[in-house]
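If you read the sequence shown in UniProt numbering, its first letter stands for residue 1, the second for the next number, and so on.
Derived by calculation from the structure, the hints in this document are not laboratory data. Mixed in with the good hints, there may be bad ones.
Keeping only pairs whose Cα atoms sit at most 30 Å apart, straight-line, the calculated DSS-like set for lysine-lysine is [unchecked claim]:
id, residue 1, residue 2
1, Lys25, Lys50
2, Lys30, Lys40
3, Lys50, Lys40
4, Lys30, Lys43
5, Lys23, Lys33
Between beta-carbon pairs, the in silico distance windows are [as the list claims (entries may be wrong)]:
id, residue 1, residue 2, range
6, Leu54, Asp16, 50 to 60 Å
7, Leu26, Asn46, 29 to 39 Å
8, Lys30, Ile8, 32 to 42 Å
9, Ile49, Arg12, 30 to 40 Å
10, Glu29, Val9, 28 to 38 Å
11, Lys23, Asn2, 46 to 56 Å
12, Asp34, Val9, 51 to 61 Å
13, Gly18, Lys43, 29 to 39 Å
14, Leu19, Asn39, 55 to 65 Å
15, Leu31, Ile8, 31 to 41 Å
16, Leu54, Asn17, 27 to 37 Å
17, Ile8, Leu45, 28 to 38 Å
By construction, the Cβ of each residue, glycine as well, lies at the ideal position given by its N, Cα and C atoms.
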Amino acid sequence: MNKSSDKIVKLRRVQDNGLEIEKLKLENEKLKKDYSKLNKKIKKLNKKIKKVVLLNNSIYACEDEGDESDGTKLSL
Numbered sequence: 001m002n003k004s005s006d007k008i009v010k011l012r013r014v015q016d017n018g019l020e021i022e023k024l025k026l027e028n029e030k031l032k033k034d035y036s037k038l039n040k041k042i043k044k045l046n047k048k049i050k051k052v053v054l055l056n057n058s059i060y061a062c063e064d065e066g067d068e069s070d071g072t073k074l075s076l
């Protein structure tokens, strides 16, 4: 091959590499967004789990006499 065709081949490789890099950057951004969404969902679910655990570890006291029976929580 001559020098000009070698340069053309190298330029095409550089262009192809540049396109591949841009595709990877876009994919990376999409994955970051997906990760962020999943992380938010996990945090919400963890909060719900904590509430359920607290509820399961609590008792409701209802007094027969005196104040209103409002189901006040007493922690164990």
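Let me make sure I understand: some of the numbered hints might not hold for this structure. Which ones are they, in numerical order? 1, 9, 11, 12, 14, 16, 17
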